[in-house]
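Chains as they are written, first to last, in the numbering used here: chain A, 1 to 391; chain B, 1 to 315.
Treat the hints as calculated values from the structure; they're not laboratory data.
Being a predicted model, the structure only gives us computed values, none of them experimental.
Mixed in with the good hints there might be a few duds.
[To be verified] No farther apart than 30 Å at their CA atoms in a straight line, the calculated lysine-lysine pairs in the DSS-like style are these: (1) Lys210/B - Lys22/A; (2) Lys20/A - Lys5/A; (3) Lys5/A - Lys22/A; (4) Lys109/B - Lys138/B; (5) Lys5/A - Lys109/B; (6) Lys275/B - Lys20/A; (7) Lys210/B - Lys20/A.
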Amino acid sequence: MTHWKRVRLVAGWEFRRYFKWKDQLIGLFIFIGLGALSYGVGKLATGGRRAFTVATEGFELRPVPGSRLSFVPAPSDTAERTRQLDEGDLGGVLRRRVDGSFELFVEKDPRFLMDLRGILTEFVRRERLGQSGLSESSFESILSPPELSVRFTDPDRQRAGLPERLLAAMFLGLVIMSIFTSMAYLLTGITGEKQLRVTESITAIIPPQAWIDGKILGIGAYSMATIANMVLGGIILATVARLTWDFPIPDIIVRPWVVMILVVFSTLAVAMWNAAFAAFASTIDDPNTSTRTSIMFLPFLPMAMSVSVLRDPDHIASRVLSLFPLTSPAAMPLRVLLSNPAPVEIVASIALLVLTVWLFRRLAGRIFEVGMLMYGKEPSLREMVRWARAK
Amino acid sequence: MTEPLVRVTGIGKTFAGRRAVDNLSFEVHPGEVFSLLGPNGAGKTTTVRMLIGVIRPDEGRITVSINGSTSSAMPPLLTSYLPEDRGLYREVPVLRTLVYFGQLRGLEKDDASRRALQWLERVNLLDRRNDRVDALSKGNQQRVQLIASIIHQPRLAILDEPFTGLDPLSQEFFLDLVRELRQQGTTIILCAHQMDLVERVADRVLLMNKGREILSGTLDELHGRLDARPHVRLTFEDGASADVLRDDPDVEDLTIDGETSELHVRLRNGSSVSKFLARAVTRSSIRSISTEPPRLHDVFVRAVRDDDVRQAGSP
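The shape of chain B in the complex, shown without the other chains:
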């Protein structure tokens, strides 16, 4: 295993008596996409702010090792941060904005200008370079914002909710960009709520709730650890209700999607999918059927609920 780029050891932060982050530890390795997940108020933003050095942890230690030098926060010239609360100077032209952020990141003006033009061409905004930022659509403003944060080709980038507010095409574009950055050698810490998107790009995830880690590992590890039970989705031709399967001996949990009438069936551990289906076809005629492992979304929801229940029960 390579030396971690970021090592977080037992950090904690308290605001006005409220524990925002509690004894959190993790490592991020070079070249990986590490995703920090959690519901609102989980402590992700506080963790990120401690990583970038805007606030200091009350306890614990952060070590960022890049190019042989070590620091207690991300060095701004070698790293980047795309905040969740993002914005740009609206009245300033796009190119001037990018050159300014490039210069703040340590680039010379000419170099910043050259890189900005390359990126604008890459994201199909070259002809809008002299337009004011507020003349762009929200999606295009997000692209400009992302360029502003990675124009200096950082070694480590934190992207906080980069998919929020984007249409599906723009989300795909951002996914491609994340992959491209990783190929170029940039290590990425990704904070996002869109689990289906995170699933497609993250190597490892850490799930937080109420300031603490509740799950971490690779996607395969999480799926295996949380729920190995078979999961079947099916719809009936004649719109039969869920009642026809409710008394099946292998069904542990059954829900129905109100819009699509699709049944989501979770079978008991050790159950055979084929035997279950054989029984199901005798009860009604099936129109569609699919089986899938539990999605990250399900893992996320289940883990947070379990943690909430556990904490509510603890003294």
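One chain only, chain A, in its complex shape:
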């Protein structure tokens, strides 16, 4: 039997051990449900489109088109005014002092305050405009900023907007999530096999390198499938949000080569950290008692460093991060989403990453070979390095 046939066999087994359609569907529904819930809660928290009525005393305010605020004269009877405030018929009572300032009486925290400030600013500006004797057109001309339009020679180099940045942040989150999902399953899977004493049965049949390669692929594929399921949920949510609310979806995401780059880098990231973590997990007998499980947070560090790419994707630091294999799986896709890195940079980054994955898997195979048959005392870092260097 060839090495890759064994790897395919193990990968398929590992994938099917964890992947269950029923679980994925439940996960999808939960994701969509939580997304819809958080959207709804968010809407409620920001007040949604709820209308408020504010009573004015001593002056008159005109409603602004599209605003959720309407204005009525305040009741002259104080008791009636208080009753309307208490029962929520009025959002507030606005009184103007003699010095021209305003005073707002409310029963609870006014969520319309920002809107009211805008309307009052406009009201006062127009009031002063009337007093200055300037015509309205002259006044608008003085206050309006000069028009400046920026035209890019290469439209692709146009500065990324908020939707692109949100997308980049989401991608970073998904890569981190897929790495940690894989790592969690590797830890429980491998230590579980050691505890169930499956190890010797398998190592007597196939070489450790084939076993670890199969695990890296199978469990990696499972975590990627889980993340793809979440992405599907996100697409459903975004589509619904777009139908009900003008949710901006960056057009960059529908470009096939961008999608391909995102998939390639995230796959390589999962493979690289899976290899490292499979070797590490093989040296642990019981994750409940081991003091080393905190090491699983190690990949978070280079991923967190890549966040700086969000600020300036073309800075020299961002360019270095997008080439260094531990940070490139996050940094390069972010640059692709936010800027337009040269193709040679992308190719070099992928090549370095592939090389690192290959190196990690070879070293991991050697540690795995010894670690999987070792029970009791956990090996020191020095011992693990010695195993990795052994031929």
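Dock chain B against the given chain A, drawing on the hints supplied.
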């Protein structure tokens, strides 16, 4: 004599300064049941791990010759190994587990499935094929484990402590299975502590202690070599104590079983059993009597003790 299937020549292995296996040599011939015996820490598992190629010997040589090809470890597709530390994926159904192990052993999926179903029927587990492994009793899990290791009909099988944790009926079942495998042409290396069971199935044994061979040969050879003295077991009607026989001129060693009050008497070399019994009946009335050659258990215990004493005395 046929060409040996396994030839082990002077292998040794040291872990962190401790000699786990020391200059061990033996041969296993086609079609035989060869038993590797020894107390805990004797080096059996290390020897087996070197045979299957999981670890390499520091010195010496292992040659496995099957189907005209020779290798330095057991080729996994033609051999099998049932480890002492055994386990299966608990949450996976029985049939799927067996098909996976069959495929790992080089079988096509359909063939592995067909063989798995045949074996499950043979061990009365066909109706449990879709149950999770952890839904089976320990004995049945052991049966599934054994099927997983022999599903590809190996030429050579190593069974490490296959009787451990089994009830007497399951032990009998495993003994029958070992015999059946041998009839089918599978050569078996059997590591076990249950000497009475090994005695019933093994052709040859090798006894290890502290990494070295201390005895080897057929069962008859071992019995003859170690202890040819007559051995008598008897109980008295009136519960008389061992003292009534202690001064008998032919008695070399006498012990009493605390639970059954049975006396175990070892006579001196050249003693006559009938003369001893004739004297014994005059001293008290005998309820039961049996004579037997020394059992493998006795051979094992005596040989290991002698070796421990010898090693303690050596500089």
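How the hints compare with the structure:
For the given pair, Lys210/B sits about 54 Å from Lys22/A by alpha-carbon distance, which is inconsistent with the 30 Å threshold. Straight-line distance between C-alpha atoms of Lys20/A and Lys5/A comes to about 23 Å, which keeps the hinted pair within the 30 Å bound. Annotation: proposed proximity of Lys5/A to Lys22/A holds, straight-line Cα distance about 28 Å (limit 30 Å). For the suggested pair Lys109/B and Lys138/B, the alpha carbons sit about 27 Å apart, so the restraint of at most 30 Å is met.
For the proposed pair Lys5/A and Lys109/B, the alpha carbon gap of about 13 Å is at most 30 Å, so the pair holds. Restraint check for Lys275/B and Lys20/A: the C-alpha separation of about 77 Å exceeds 30 Å, so the hint is violated. The straight-line distance between the Cα atoms of Lys210/B and Lys20/A is roughly 49 Å, outside the 30 Å bound, and the hint therefore fails.
Checked against the numbered hints given earlier, this structure breaks hints 1, 6 and 7; the rest are met.
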